[in-house]
Amino acid sequence: MFVTRVAMEKVDRHYEKGVRELAAGVARKALEGVDGVDYVIVASSLSYLQEPQLDLGAHLASALGLKGTRALNVEAGEASGLAAAEMASALLKGKASRVLVVGVDKLTNFPSAETYAHLSLLYDESISTYSSGFGSVAGILMRLYMERYGVDRLTMAHWPALMHSNAKHNPYAMLRFAIAPEKVLEAMPMADPITLMDSFPLGDGAAAVLLESKPRDALAELVAVESAVGPASVAWSEDPLFIEPLALAFNRLSERYQVGEVDLVELHDSFTITALMVLESMGLEERGKAAEAVASGRFSPNGELPVNPSGGLKARGHPIGATGVYQLAEVALQLAGSFPGLKVEGAKRGLAVSVNGFGSSAYVAYLRGVL
Amino acid sequence: MFVTRVAMEKVDRHYEKGVRELAAGVARKALEGVDGVDYVIVASSLSYLQEPQLDLGAHLASALGLKGTRALNVEAGEASGLAAAEMASALLKGKASRVLVVGVDKLTNFPSAETYAHLSLLYDESISTYSSGFGSVAGILMRLYMERYGVDRLTMAHWPALMHSNAKHNPYAMLRFAIAPEKVLEAMPMADPITLMDSFPLGDGAAAVLLESKPRDALAELVAVESAVGPASVAWSEDPLFIEPLALAFNRLSERYQVGEVDLVELHDSFTITALMVLESMGLEERGKAAEAVASGRFSPNGELPVNPSGGLKARGHPIGATGVYQLAEVALQLAGSFPGLKVEGAKRGLAVSVNGFGSSAYVAYLRGVL
Amino acid sequence: MVRTPPVVWRSRVHRYRLVGSKCKSCGEVYYPKIFSCPCGGEAEEVELPKVGRLISYSVVYAVDEESRDRSPVIVGLIDLGVTRLVGEIVDVTPEEVKSGMHVEAVFRRIGEAGERGVIVYGLKFRPVM
Amino acid sequence: MVRTPPVVWRSRVHRYRLVGSKCKSCGEVYYPKIFSCPCGGEAEEVELPKVGRLISYSVVYAVDEESRDRSPVIVGLIDLGVTRLVGEIVDVTPEEVKSGMHVEAVFRRIGEAGERGVIVYGLKFRPVM
Ligand SMILES: [Zn+2]
Ligand SMILES: [Zn+2]
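Residue numbers (this note's numbering), protein chains in the order written: chain A, 1 to 371; chain B, 1001 to 1371; chain C, 2001 to 2129; chain D, 3001 to 3129.
Simulated from the structure, these hints should not be mistaken for lab results. Don't take every hint at face value.
[Stated by the list, open to error] If we take Cβ atoms under 10 Å as the criterion, some of the chain C residues that face chain B in the derived model are:
1. I2055
2. S2058
3. E2066
[Unchecked claim] With the Cβ distance kept under 8 Å, some of the chain B side facing chain C (calculated, not the full set):
4. G1139
5. D1239
6. P1240
Ideal placement from N, C-alpha and C gives every residue a C-beta, glycine not left out.
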């Protein structure tokens, strides 16, 4: 199947727009001049707790005048966007020839302490029951990584610095300013050793991709989406720093495609530690070496493998259920040579990678250029 | 594709069980002796507001020990169950050979006035903004029907009476007692002319169906699921008593199958008026004639076309996102001759029909016997 | 519940002034607001007529917690000519209300939004004498 | 929020007694509770050891509204031998807490559940002297 149109809203505090308005905005842009779709799939997670509408997909499609279409909602926490793409992919192999995937979530309807409580529902009950903050597991894992591999805090800080440096060029990014690694250490502590600069900003966003079975006017080919369920609690993981379901989803793709030899990756960096765990679990870097590899420039725009030229969740922003759709749009635009931020010149193959929490589920999408 | 296993929990006030426990119970029953599944799809709607867990499908699959499987959540309000079946159907035409659909919802975590507010989120914003109760539109439509077609209140009351009479035999039904039509009129007014006996009881439930691409040990063939989006608000409908998207979904099936000549139907009767609208919108009865047809016994177990031998939403119960899965299980068991309640002898073809609200979306599933 | 202050704030214009959508191509009017018309036309905001006729109604006893003190609430489907809408009917008893009645919009308190107690106002309808 | 009294009530045993699951086939132990083991075995409830070792921890400042008055909260990954769990660490300052510390379970107030003010208790962990 093929990505033929994409649309994104800048991730931001959109106080004046609800979930519906944000979603409708990108859907209309992606559908401009398009003569109907077979399905609308809305990818969203926190919106169930933040906006007064169930069966949102149908209500949205109806208000978009998409008479006769079919619509539904797919939720898989922070991986909702790619989960929707996986369903779209199944539909496009069957009776559908055009599916619109709209990712949307708002994180600013509530005061942030309340949003933190909503975010903790993405994790297993041991986090939400104790009201101890959605960043607590990330803090535990980051310390474990630093102590196990003897990596210092400043080395870890190169990830957010790289993300900010990339996001500066992305018009859809929420945080468009550079920061030095030293500044990450000086920021407010969030879940020590994590500071506020290690995590994503609370912002609202929406993105849409139009997927078609035919390649006409395509930006890129969406070759396949794979996924797997993992241990719901990090306490169950054999190694809490290794995201088993991500390795599994990636292997499922590797059996069929050369996904190890891609030219760019947009991946899930809800926290600095998540980015490192994702890189290592997919085998894109050796265990315990990702932090140093980031610091050495290996994943920089001009490095060996550019990762998150968008600025990632850290700086582009992370509107939970929408993020995977942003990633798909970004990779497709890169492969078409038309990403409006930092371009990865000559990129022919790319991956989008989403995880919920630290691995209750994991998704990998593989895209190829069509030029 | 084929329905090979089903499991249901009695719809009831399960105070001691959460969404997770209810879902796990039916999932385990449906998977007994089964060697893994490719996907778990959880169909659920109110649970997002009632239970502290996002990415529920993955957390559930993980706690069920379904290592390596894939899981996600599908939501389409009251039609979530059949929406999940539609997605399962697409997956089974592709890479999946075994998909478990688990429907679950709890309506008893909150006091009923708060649950009413949650239920109003299934409708368009004009209902939820004014806090005027989720039954208000149903009340408006029921009066419109009675006034337009000159049908009296007692004639309308034959629907709930029939449902209760059917449910008496269904071990999974919440309300297992007969009521006379006269008693419906004497019940507490809910949204006049609707009384509490015209609507579904607030109960918790879970049901599971195992769908496989191969017919081995099948209960029934799930031939196809079709759906369509409708006007999100009844105020937009050309005729508010006609469910356009249901007619459209039904026509989409009619073009390919003899769905007009089925032997039983399990359909969406969130209110007495909904049942009549569904029957008339699918052309199973003439416009304005359904109430009298019900009273005359046409849809009774020994009538021309048995409808809701389970007792329907009215008496079996309506755990919102789970209801479509109950319907699939019930129709499959009927076609296999093993429904544990009222049997429709010799039934070879059946339909399951779900609607969200009064037509923001509508789904029809067509099943055939394999005996 | 999910009607936090930002959600209430965003819907104020439509509740205060009865603003719906009008299709720029075919002229069809919608309430609540739409983004695009099924005909393919773009929608623009339009203020709706403030008088109409009651097509049908319901006297609602099973209301949300927020409306408990004013139960039963009368809710009606109202024909405004250019479009219809579902709205609350006030200043009339359950015994007096009738399908076919002429009604007009009035500004009233709707309730409080959730735990934070933001008082919400909006338009309701009363019989025209 | 969604932690209504029935939800709190249902989780009481696991919070009060530290009850996890043990696989009847392979003996593996899990917390929180599971329904079936990946090995295919059925799970039964088992009370977990009350002492363990801190594998790693975090000092959390960005806590939910309900925990604001006790911020920062220390949360740790604890090795109980038969299994691990994520739990709260008390009676120790951020300066004193260290990976590798031995800890034991103690019964403490967790907070109030939502708007209804149900007070929730459960087990937390403190350093063993
Ligand atoms: Zn138009
Ligand atoms: Zn085992």
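Now the hints, each set against the structure:
1. I2055: holds (7 Å)
2. S2058: Since chain B brings a Cβ to about 2 Å from S2058(C), closer than 10 Å, the hint holds.
3. E2066: holds (4 Å)
4. G1139: holds (2 Å)
5. D1239: violated (11 Å)
6. P1240: holds (7 Å)
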